[in-house]
Amino acid sequence: PPSPLQPPGRPLGPCRSFSNNKIQVELDESSGVAMMKFKSPPVNSLSLEFLTEFSISLEKLENNRACRGVIITSAVPKIFSSGLDITEMCGKSIEHYTEFWRAVQEMWLRLYGSGMVTVAAVNGSSPAGGCLMALSCDYRIMAENPKFSIGLNEAQLGIVAPFWFKDTFVNVVGHRTAERSLQLGSLHPAPEAHRLGLVDELVPEEKLMEKAAAVMAQWLALPDHARQLTKTMMRKAVLDRLVAHREEDIKNFISFVSKESIQKSLRMYMEMLKKRK
Amino acid sequence: PPSPLQPPGRPLGPCRSFSNNKIQVELDESSGVAMMKFKSPPVNSLSLEFLTEFSISLEKLENNRACRGVIITSAVPKIFSSGLDITEMCGKSIEHYTEFWRAVQEMWLRLYGSGMVTVAAVNGSSPAGGCLMALSCDYRIMAENPKFSIGLNEAQLGIVAPFWFKDTFVNVVGHRTAERSLQLGSLHPAPEAHRLGLVDELVPEEKLMEKAAAVMAQWLALPDHARQLTKTMMRKAVLDRLVAHREEDIKNFISFVSKESIQKSLRMYMEMLKKRK
Amino acid sequence: PPSPLQPPGRPLGPCRSFSNNKIQVELDESSGVAMMKFKSPPVNSLSLEFLTEFSISLEKLENNRACRGVIITSAVPKIFSSGLDITEMCGKSIEHYTEFWRAVQEMWLRLYGSGMVTVAAVNGSSPAGGCLMALSCDYRIMAENPKFSIGLNEAQLGIVAPFWFKDTFVNVVGHRTAERSLQLGSLHPAPEAHRLGLVDELVPEEKLMEKAAAVMAQWLALPDHARQLTKTMMRKAVLDRLVAHREEDIKNFISFVSKESIQKSLRMYMEMLKKRK
Chain A
1 PPSPLQPPGR
11 PLGPCRSFSN
21 NKIQVELDES
31 SGVAMMKFKS
41 PPVNSLSLEF
51 LTEFSISLEK
61 LENNRACRGV
71 IITSAVPKIF
81 SSGLDITEMC
91 GKSIEHYTEF
101 WRAVQEMWLR
111 LYGSGMVTVA
121 AVNGSSPAGG
131 CLMALSCDYR
141 IMAENPKFSI
151 GLNEAQLGIV
161 APFWFKDTFV
171 NVVGHRTAER
181 SLQLGSLHPA
191 PEAHRLGLVD
201 ELVPEEKLME
211 KAAAVMAQWL
221 ALPDHARQLT
231 KTMMRKAVLD
241 RLVAHREEDI
251 KNFISFVSKE
261 SIQKSLRMYM
271 EMLKKRK
Chain B
1 PPSPLQPPGR
11 PLGPCRSFSN
21 NKIQVELDES
31 SGVAMMKFKS
41 PPVNSLSLEF
51 LTEFSISLEK
61 LENNRACRGV
71 IITSAVPKIF
81 SSGLDITEMC
91 GKSIEHYTEF
101 WRAVQEMWLR
111 LYGSGMVTVA
121 AVNGSSPAGG
131 CLMALSCDYR
141 IMAENPKFSI
151 GLNEAQLGIV
161 APFWFKDTFV
171 NVVGHRTAER
181 SLQLGSLHPA
191 PEAHRLGLVD
201 ELVPEEKLME
211 KAAAVMAQWL
221 ALPDHARQLT
231 KTMMRKAVLD
241 RLVAHREEDI
251 KNFISFVSKE
261 SIQKSLRMYM
271 EMLKKRK
Chain C
1 PPSPLQPPGR
11 PLGPCRSFSN
21 NKIQVELDES
31 SGVAMMKFKS
41 PPVNSLSLEF
51 LTEFSISLEK
61 LENNRACRGV
71 IITSAVPKIF
81 SSGLDITEMC
91 GKSIEHYTEF
101 WRAVQEMWLR
111 LYGSGMVTVA
121 AVNGSSPAGG
131 CLMALSCDYR
141 IMAENPKFSI
151 GLNEAQLGIV
161 APFWFKDTFV
171 NVVGHRTAER
181 SLQLGSLHPA
191 PEAHRLGLVD
201 ELVPEEKLME
211 KAAAVMAQWL
221 ALPDHARQLT
231 KTMMRKAVLD
241 RLVAHREEDI
251 KNFISFVSKE
261 SIQKSLRMYM
271 EMLKKRK
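Chains as they are written, first to last, in our numbering: chain A, 1 to 277; chain B, 1 to 277; chain C, 1 to 277.
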């Protein structure tokens, strides 16, 4: 809802509050902070639809001068996001794989390269692509529940994290921690994730949103322009690397996902997930 | 003063002790260690004159075979160096900006690339360019007074640290800590700076010089040649990057500092500093 | 000895257990884990013969589909490996220096680039080249005896670690720790090595092999293919750098080792070692 502090006479922008299928977006124009809440049960998996909605929402906020920061979090209990939606990779056409992978890239390019301050309020487990989203923010706060874990666990599923997942990870935790964690496909319980620097802070779950708002206020105290140029200076090399190799990266994904052995293990994995429920 | 341990018959070199306007230099030929004391009150700001004197003094020591190590510290209470002198960036000619920025580059190229062992005895606060000088040494010892802080706080002033400030910072504290600290323009109190690895050691202020001498002795126990080649191997990539982009970096600075908006905010900042006194 | 769990009817491969002069190799085909034990007293120095045997043994295991992981350790009390054999660098022909240095490169290219899981069970001191071998593994466990130390101490001997020693070191401990440790030629006692991240874990010496087996089992729980591709992604840049500059690196070594001053200091060093005994 619009803040009571909103200056009188300010026009109601188109994106003060908009909700699509998968993500609810609320912009508090008085503080300049938007909240993006993932509401795609059961596990906020990153389907083509989810990713498209995410990128469009983020672009809208980016172009809205009233918005300076975004907090991303989940409306689904116990899970932040389960990562890429495996059904998008199973038994689909090459055209579909292409479109899907481009949407994954787009999400990351927009989030890692966002000019806004981005804070992840990680209020549940966050494997694989979910972890990437958190890693791509400026700051990560996690609920201190040791049952919640986070990590790039692709290797556990017999697949390899793309190079730009790895680059993002190395920029956060350094080469050695990334090498070990990626090879083992580790999912780190919150306390361990904090020790490794994968998340910046742990707080009790009920304090998570309050803390996220406080951190955001601290970052927004800085003038935007200098902060944005500084962020670009830190992240440009890694962003440029995907931009330069984007089509090649799509081809790699297609050639990988088209293998019969991979299709088989993805199908088995989906069966297992269904039985678990 | 020459040490009583100086071997008899050793010629008195030309640079045993020389003092210019801004920096006092004393070389103890018996130990091979020079002390450079910043004495440019009120805050040892890095004016064109200060920087020129620093580079010339360092070059003299570098070329003096009796000198193997340098300790840099401040003769002004509570401040190591306040960083670049803002008056050099305000209302001056393009020729002046060019000369000034070249002097900033020169200081860093000589200090970060010095073949001597360099130890910073940080006996006061050290923002921005002052922090860069400390980061460019081989080892940093700071007085454990939590009122003293250190950091690259450019973003706080609405400006962006040059890429080679950033490269030097990343080499010391790693990518993640640098990204966060630079975006927030953080000034870290001594204990936090130590936790982040920005300084190597904290000691009570009265033990600072003693400790600096002990650290220097430890580093000088190594043969110079192998140590110098090792240092070059670690630092060359980052030094070469500025050398390759030096003129471009000057142009960037001029175009930035010539903006009316920047001139205005620098004038306001100077007014504020004057009122503070 | 072959494990009692070995499936009946499995052909006895050529490399279940083979012992050459310098290194004893045992492969437990039931677990897929080979043990390489350095047994070249007094100090497991890396002579041409040792290095050649190491590379050939590793290649055999790499090509044996029954082998998925290797634990390297020492059969000599108190020493893991003392590093490069100085007698190979003293008073020999250019042809010999070339052959020797190529064997050092070969050892590292094979070990750092191995598709198998590699665990170092560091059961003694491990300076210079011995430290490089440990750094090149996927995981390092060290006996918690503070009398055992590890590090790239080349600078202490007046020589410079090659750039690929440095790259491997930086990938493990980060730029700052590497810069300081390499310049000082530090040999870190086990507890300090653990604090710096140079080794991943310390255990009482009598538990070392048990722990190494447990760690290996954890790493082998992952599917090989994804783990191998992930490892390649993390290490390829550094491996490629030596491959691209291999001949240049050999020339550098020859030109260095051919200097009369270096020959002299190596001879003095060997004299000192002889007297110590």
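Honestly, the hints are just simulated from the structure, not real lab data. There may be inaccurate statements among the hints.
Some, not all, of what chain B presents toward chain C, calculated at C-beta under 10 Å [claimed, not checked]:
(1) VAL172
(2) GLN228
(3) ILE262
(4) LEU266
As the structure is a computational prediction, the values presented were derived from the model and not from experiment. Built from N, CA and C at the ideal position, the CB exists for glycine as well.
Hint-by-hint comparison with the structure:
For VAL172(B), the interface hint holds, the least distance from its beta-carbon to any beta-carbon of chain C being 5 Å, beneath 10 Å. Satisfaction of the interface hint for GLN228(B) is found here, the shortest Cβ-Cβ separation to chain C being roughly 9 Å, below the 10 Å cut-off. For ILE262(B), the suggested interface contact is broken, since its CB lies about 32 Å from the closest CB of chain C, more than 10 Å. Interface restraint check: LEU266(B) against chain C, minimum CB-CB distance 33 Å, threshold 10 Å, status violated.
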